[in-house]
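**Student:** Here the structure of chain A is known, so what remains is to put chain B in place on it, guided by the hints.
Protein chains: 2
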Amino acid sequence: MKVLDSHHRLSIFKPLICLIHEDLVVSNEEQNVLDAYFNTQSWMTEDEKKALRHILDPSPQFQDDLSKLKSEIRSQLVKNNFKHDAGIIDIGSELVREHKSDDWYLTAVDNQHLLGFLNYEAVFHFYPEWRETQSLKLDTYASFDIKTLQSILDGEHAGLIRELKGLFEHNIFDFKNREDTTAFRHEIYQACAFLAVKGYGAISYPKPYGGGNDMDFYFTAMETITMVDLSLAIKFGVQFGLFAGSVLNLGTKKHHDQYLGSIGLLDLPGCFAMTETGHGSNVKGIQTTAHYIHQTRTFIINTPDMDAQKEYIGNAALHGWLATVFAKLVIDNVDYGVAAFMVPIRNIEGQVCKGVTIEDSGNKMGLNGVDNGNIKFDHVSVPYDALLDRFVSIDENGNFQSPIQSENKRFFTMLGTLVGGRIGVPRSALTASKIGLTTTIRYSNIRRQFGPASGQEVPILNYRMHQRRLLPLLAKTYALHFALRYVTARYVHHEQSEAQELEAIAAGIKAYATWHNTSTLQECRECCGGKGFLSENRIDDLKNDSDVYTTFEGDNTVLMQLVAKSRLTGFKQSFYHIGITGYLKYFASQAYSSVRQKNPIAVRNTDEDHLLDPDFHLSAFKYREQDILTSAAKRLKRLLDDGMDSFDAFNVCQHHLIEAAEAYVERIVLEQFFNSISMVKDTACRAVLIQLYNMYALFTIEAHKDWYLESEYMAPSKTKAIRKLVNQLCWNIRKEAVPLVDAFGIPEKWLGVIGRK
Amino acid sequence: MKVLDSHHRLSIFKPLICLIHEDLVVSNEEQNVLDAYFNTQSWMTEDEKKALRHILDPSPQFQDDLSKLKSEIRSQLVKNNFKHDAGIIDIGSELVREHKSDDWYLTAVDNQHLLGFLNYEAVFHFYPEWRETQSLKLDTYASFDIKTLQSILDGEHAGLIRELKGLFEHNIFDFKNREDTTAFRHEIYQACAFLAVKGYGAISYPKPYGGGNDMDFYFTAMETITMVDLSLAIKFGVQFGLFAGSVLNLGTKKHHDQYLGSIGLLDLPGCFAMTETGHGSNVKGIQTTAHYIHQTRTFIINTPDMDAQKEYIGNAALHGWLATVFAKLVIDNVDYGVAAFMVPIRNIEGQVCKGVTIEDSGNKMGLNGVDNGNIKFDHVSVPYDALLDRFVSIDENGNFQSPIQSENKRFFTMLGTLVGGRIGVPRSALTASKIGLTTTIRYSNIRRQFGPASGQEVPILNYRMHQRRLLPLLAKTYALHFALRYVTARYVHHEQSEAQELEAIAAGIKAYATWHNTSTLQECRECCGGKGFLSENRIDDLKNDSDVYTTFEGDNTVLMQLVAKSRLTGFKQSFYHIGITGYLKYFASQAYSSVRQKNPIAVRNTDEDHLLDPDFHLSAFKYREQDILTSAAKRLKRLLDDGMDSFDAFNVCQHHLIEAAEAYVERIVLEQFFNSISMVKDTACRAVLIQLYNMYALFTIEAHKDWYLESEYMAPSKTKAIRKLVNQLCWNIRKEAVPLVDAFGIPEKWLGVIGRK
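If you read the protein sequences in the order shown, they are chains A and B.
Take the first sequence: its letter number 177 is residue 176 in numbering that gives the first Met the number 0, and every next letter is one higher.
Take the second sequence: its letter number 420 is residue 419 in numbering that gives the first Met the number 0, and every next letter is one higher.
Any given hint might turn out to be false.
[Unchecked claim] Across the chosen pairs, the derived CB separations fall in these ranges:
no.: 1; chain 1: B; residue 1: D614; chain 2: A; residue 2: K597; range: 33 to 41 Å
no.: 2; chain 1: A; residue 1: V108; chain 2: B; residue 2: K719; range: 43 to 51 Å
no.: 3; chain 1: B; residue 1: E45; chain 2: A; residue 2: I403; range: 25 to 33 Å
no.: 4; chain 1: A; residue 1: V108; chain 2: B; residue 2: D640; range: 18 to 26 Å
no.: 5; chain 1: B; residue 1: Q727; chain 2: A; residue 2: P599; range: 33 to 41 Å
no.: 6; chain 1: A; residue 1: N176; chain 2: B; residue 2: D173; range: 50 to 58 Å
no.: 7; chain 1: B; residue 1: G397; chain 2: A; residue 2: D4; range: 51 to 59 Å
no.: 8; chain 1: A; residue 1: N346; chain 2: B; residue 2: K164; range: 48 to 56 Å
Think of the hints as simulated: they come from the structure by calculation, not from any bench.
Remember, predicted model here, so these are calculated numbers, not experimental data.
Every residue gets a Cβ at the ideal spot worked out from N, C-alpha and C, and that includes glycine.
Chain A with its partners taken away, still in its complex shape:
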């Protein structure tokens, strides 16, 4: 940079020249800015101007001089203990301090504002280590004891969870053959048998059959097994939940005595054969028949057509020996509705029984460790005792008997006893979300990308957008954790009078939690970038295995409609079936006509105290719940009054009904999250849980702000204040995000590689 040495005054521009050459692509716009500034520097001689132009159009070799120049400036900055907000010309002025009383010097310094105010960060270009950005400083700490929070989450079954985690150290759970369906199915079967032998298959059974008489054990086991593998959880669920459950709940003592023992040990692998190709969600429409022959006291199980084949049946393709088959019971040409039969499908050598045709469902998006298959029956004869006869039997004279007269009521009572899957599935889903979030949040805490210019790179979890994508989902996962514990407890100990309500809650939370899981794992995948695409990080399997959870045990959209219909009738009607007069009494009675009033002051209240007040949250959730339900009811009534067919009217309001169901579930989750926190004794844990609660409450309100604005329950000023507060909560929770996922207690080996400590 000899040319500068011979024009000493120009040294004042050295930092600027440095900046332009090192950092900037000088656009025309920027050239104009520079010109505007230089135009004010009338003190420059023609020679100096020429020299400056020369410098500003450098040869590639300029690079060399630049580093020397930068060193010179750096040393000057240290020497003079420079202020961090000095402008670029201020810095240069230090190189010509002897001129600081000269007019030209002052002209140069005084006009530097023309260069724009980011000018004032110029010093960091030379001393990047001086730069302090909040984005870089934000770091991880825990205000609470992680083990304590984990024990709060684990709750009363902490012992079982610990026991299972210990068991998972066994190498039978290290599946090596995920890509090879045949081998993987075998591995899953072996692991399932291992669990059975250790006593976990019978864990929920009545005590006489070796269990703890507590379905909660089963749900906790299924949830915990999910940590290892979702195929294993589902295989476990098919055998010990669905299949065993059908025998337990639909059969009588003779069946229990004969089968439960061997089912619990996986000595008798079986299927739950309900769904048919033609009838999945509309299970009442199944077409498989069971004709009763009184002479021989036998049933003939038959599949009339392809649409009536049993489809996607777990354990069918390979391992099942016996299947609980749901079929229409026909006696003397009279159809008595659906009953369940235990039908052998394979003999002890594993050969498919005569009259039974089994087809492998083939490869699936996920859960390939489970051997799903289709089953067809060609007039297969089974003895009388094959009938699971708790709700349906045939007397010695060949007459149909049932403790429940109505066919519909009987059918839905039978289904009702099998509703456990709607608790097991969302609990398993939530574990999948927890694994995904633990992996992703830990990785995002150490993965750095971009940063203040010339400075250190920033952990990606410090980026606001990254926080926005992950931390509300973390809060919702916590909320759902407690809500699912609540639903489980109610379900396990419920009275008959609560059955309809619990079916609605279970169905609703199943849909809500599994949709949450699908979107959580999608965010996890994307937030981990390319790493999220590698199988070693497990997000692919978690996603693929759990994707069908939104379909399992009832399609979410269908379930949400049932929840809404159930709400419309105040849980007075059967969950599944609402008869012809069913709705009408509801509409006529206008039970919901009195919606809460809006509070005109609250509509515009943007105080933080108010926005963080649990009463405000609950009021907002309840208002939404009630208003949507009432407006749906009114809309239905109006359409019916106008003569629209009721089926069409419900179809028109379908979207509306699903919103009503979602609002109902969200209110329950909010309430139960809050109630659970109130019972936490540890102050530090309670404090961090309240942060998560606030996040869940406000983020959910924000997610529905279109509705709150449209219904004028909130003014724009208020929804904007909520957005700001959610951002702030993201920033706060981010600091404890890693400890918060650590408290989920997922063993390291089941996390993605990038998420392990």
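**Tutor:** Okay, now just chain B, sitting in the frame of chain A:
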């Protein structure tokens, strides 16, 4: 039903009794309704009352009599040519017509309203075939010629598309080994080589090298190849897009002459080795070095640490012989920034070269037909000509040379030449969406589930919720189709002055289209229920293969921020890098200070004419675009004025910036969709496209209604009217949904099994 025969007058209740027994689970509430009605029937004798009570508490055998009773009622209904809106007692009254002047008869009939008004659909219980519901009637038809629409979609490259589809009939494209990674990679390689030999590898090359000198050919080929398999499309893209593109755009004639021929024939398989473990999105931070040794005119390529290994590199694990390696060029200890070098990684026998270490990336969520791997270099020496020297060279004296002086500008110019991937990827994504939608919409048109009680089941596409889930996505797919054609055309023929703008548009539409694809395939999976989970229906592979498209060629979130920053500077700055003074001139000039004014009448205008007016759509899109951008700029300025570090300020506004970018992309998509439709000559096709355009416009506005309400650009009455109109558009478009997906022209064999005709 003997008891009824002996109490003749009670026959008037036969239909009611029938209904109760057949359909209803009589709840307490319903019992009260019945009681209320019967209480008005004071004419009944004690005997009659007793008989009625008996009937209403039937034994299971009642079933038998019921069907006879039903036949009796049916025949009565036919005989009397019954009105469809008759009440349940009206029907019964037909059975006792001889009493129609009796007081008791009138009492029974007149009070039937107490039974509720769904009562008036009772007749359908006996004659379900009389019931006419709109939900059942809605059927498929085409108001346009499918082939004509397809040719409009295919556009000028229809010939190439047809040619490729013909080629795909060859059994080399029937991959049998998707589950076996090794075999699948081989199949994909073979298919890729087949395409190369047929001339498609060189399709975009300059004419002297055997191509058509038109990048558009390449994009259309990649899009069409996606129909067969996404691994094939990506393998094709790696070799003929990225690798060939690096030689073509960064190399000079000597490289073109030496390599392009064999690359185009896949005789020289290669890699594009840019991304490093530590630097993906922030590609400028890569750490691989290329030290120049002047004495020998060689470069020493080296990987300093694990973070600097090249990661996820396509063609690396197995097939690549040569790699374009991006590394920092160092001459005499001076770092001249990133340059590209052609480095051999395998010899002709396929053995990995000395000094090179390659690790297989292992199994991935998808794209397992592509052999991704990590590459490390341990002081690998390459000759001078390995340097791709269009933008970077070293003269005979060992001095660095470049036509672009600024290192940043040079780097981003180099990157800019490689931007084609941001067009190829979204076009491939859109094809994946089209396959998913074709499969799902066709299936939904024939899959029936539930229906009016006792009636036929309804195609699931007739359900409003199902329409809501799929049809806006169909419209957006059409919108993106035309928008991507527009972006391609502009990109292929752009001037240097448009480069920044095009980089922004390409990045934005890449993010927008790939996110659209992810959510479209998710909806498809769920909308197909269990069938959507079976691999035979392809949604799993489409989803898994394309999921990484949101990360490929730049993480979507990062890209959207670049788009926003680019917008903030009015495309005046380099797309990737905005220098220190960059933003400031922009803020200072307040270029966006004059936001359009809201029209106070339009805020509340709910007329359908207005809501379907393209001027309204464009105004609303533009208002949002401009308002978000301006408010983001103002917010940034405020934060900076308050002394916040610029990096932090941008972080605080990150979400805001991404919204600004999205609004920008959406406005372009809207405009280009509209412009493309204007050029369609066929009236019928234009009409159906306008429906889709209306859907895209209104659904997008609806998706942002929180914003429109919050900014008071629309009143609640207006957003409600828009929701209603979107519902109506769903209902209308549903009728033509199947022909509309047929027009995508996906060959049957590439659709899911459930979607084939």
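**Student:** None of the hints should be skipped; say for each whether it holds.
**Tutor:** How the hints compare with the structure:
no.: 1; hint: B:D614 <-> A:K597: 33 to 41 Å; result: holds (35 Å)
no.: 2; hint: A:V108 <-> B:K719: 43 to 51 Å; result: violated (60 Å)
no.: 3; hint: B:E45 <-> A:I403: 25 to 33 Å; result: holds (30 Å)
no.: 4; hint: A:V108 <-> B:D640: 18 to 26 Å; result: holds (21 Å)
no.: 5; hint: B:Q727 <-> A:P599: 33 to 41 Å; result: holds (34 Å)
no.: 6; hint: A:N176 <-> B:D173: 50 to 58 Å; result: violated (26 Å)
no.: 7; hint: B:G397 <-> A:D4: 51 to 59 Å; result: violated (26 Å)
no.: 8; hint: A:N346 <-> B:K164: 48 to 56 Å; result: holds (49 Å)
Checked against the numbered hints above, the structure violates hints 2, 6, 7; every other hint is satisfied.
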